[in-house]
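Could you put together the complete structure from these sequences and hints?
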Amino acid sequence: MTDVENKLIIGTAPDSWGVWFADDPQQTPWERFLDEVAESGYKWIELGPYGYLPNDPTRLAEELKQRDLKVTAGTVFTAFHRGAEQYDEAWEPARKVAELTAAMGGEHIVVIPAMWRDDVTGEAVENGELSDEQWADLFAGHNRMGKVLLEDFGLHQQFHSHADSHVGAQRDIETLLAATDPQYMNLCLDTGHAEYCGASSLELIKNYPDRIGYLHLKQINPDILAEVNEKNMTWAAANLAGVMTEPPNGLPDLRAVIEAVEGLNRPIFGIVEQDMYPVAFDVPMPIAKRTRNYLLSCGSRTRIQ
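Per the UniProt record's numbering, the sequence shown starts with residue 1, numbered consecutively.
Source of the hints: derived by calculation from the structure; they are not laboratory data. Keep in mind the model is a prediction, meaning the values are calculated, not measured. Positions of the beta carbon are idealized from the N, C-alpha and C atoms, including for glycine. There's no promise every hint is true.
[To be verified] Distance ranges between label pairs, derived from CB positions: (1) P222 x G83: 35 to 41 Å; (2) A61 x P267: 18 to 24 Å; (3) A241 x A169: 41 to 47 Å.
Right, here's the structure in full:
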C-alpha cells in the first residue's frame, strides 16, 4: 500500500450507493457515484461490479484524476468448491478485473464465493454443507488464483466470507485460513457479513492478525437479524428488510474493531459498504458523509488518505 504507513485508510464502494450490477436503471449512474464520493470526502474506492465504471483504463484514470480518487481493489466471484473445472470459468472474468485493477494502481482483489441458495426463491441450489472433497477443491482453487494474481498482476487475493455461502461462520472462516497459503490468500474481513453469520470480527483479528488483509466495514441491525434467522430469510430478502444499518447504530462495535485493527501496526484499507440495493438516488450521500465522519472518530490512526 502506498503513502499510508501504519494507518487504517477509510474508503468506500459502489455498494454504498446501491450498486450491485454492471448496468441497472435502479442504480445511481456511475458519474453521479464518483461525483458524490468525492463530495463526501473519500479518496479511495473499489471498482464495484465490472462494467459499472468505465472499463477502458485511460478513460477511467482520467475520470478518477478529475475527482482526486484512487482505486483499492476489484471484485470477482468464484465457485471453486464445485470442482477443478470451475477455475477456467472463474478466471476469464477475473483476468479482466485484475487487468483493470492493476492499471488503476489497485493492490487487492476481493473474492466472493458462490451462494448455496437462490436469492429470489430461497430454494437451495446445492447442499449448504461442503464435503471434504469440496473443501479441498475450494482451497486449491483459491491458492491457484492467488498465485496467478500476485505473480502476474501484483495483486493480493482477499477472501470475502459471505452470507448464504459455504464460508460465513467462524468455524468456516477458520477452516479456510488453516488450509490456504497466506502468501496467496488472506481475509477481507467484512464485519457485517461476519456478524450476520455469527462470526466475531474481534476474535478473527486477535487470533489471525497476519491474515487480516483488507476490511469491509458495515453493521447489522440485531433486531432485524433475529427476524431474518427466525424466518430463514435469504440474504437479498434480509437486505430489503433493512438488516444493514448505518453506523454506529448496529453491531459489531466498529470503534472496537478499528482499535483492534490499528493495533496490528500496519497499513490496511477499511472500505465502507452499506448494502442498499435498490435505493433512491438521494439517499446514499448523506449516509456516506455521516459514516465517514463517524469512522474517522473511532481511532487515532484512521484517515482518508
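Check: Looking back at the numbered hints, which does the structure fail to meet, lowest number first?
Finding: 3
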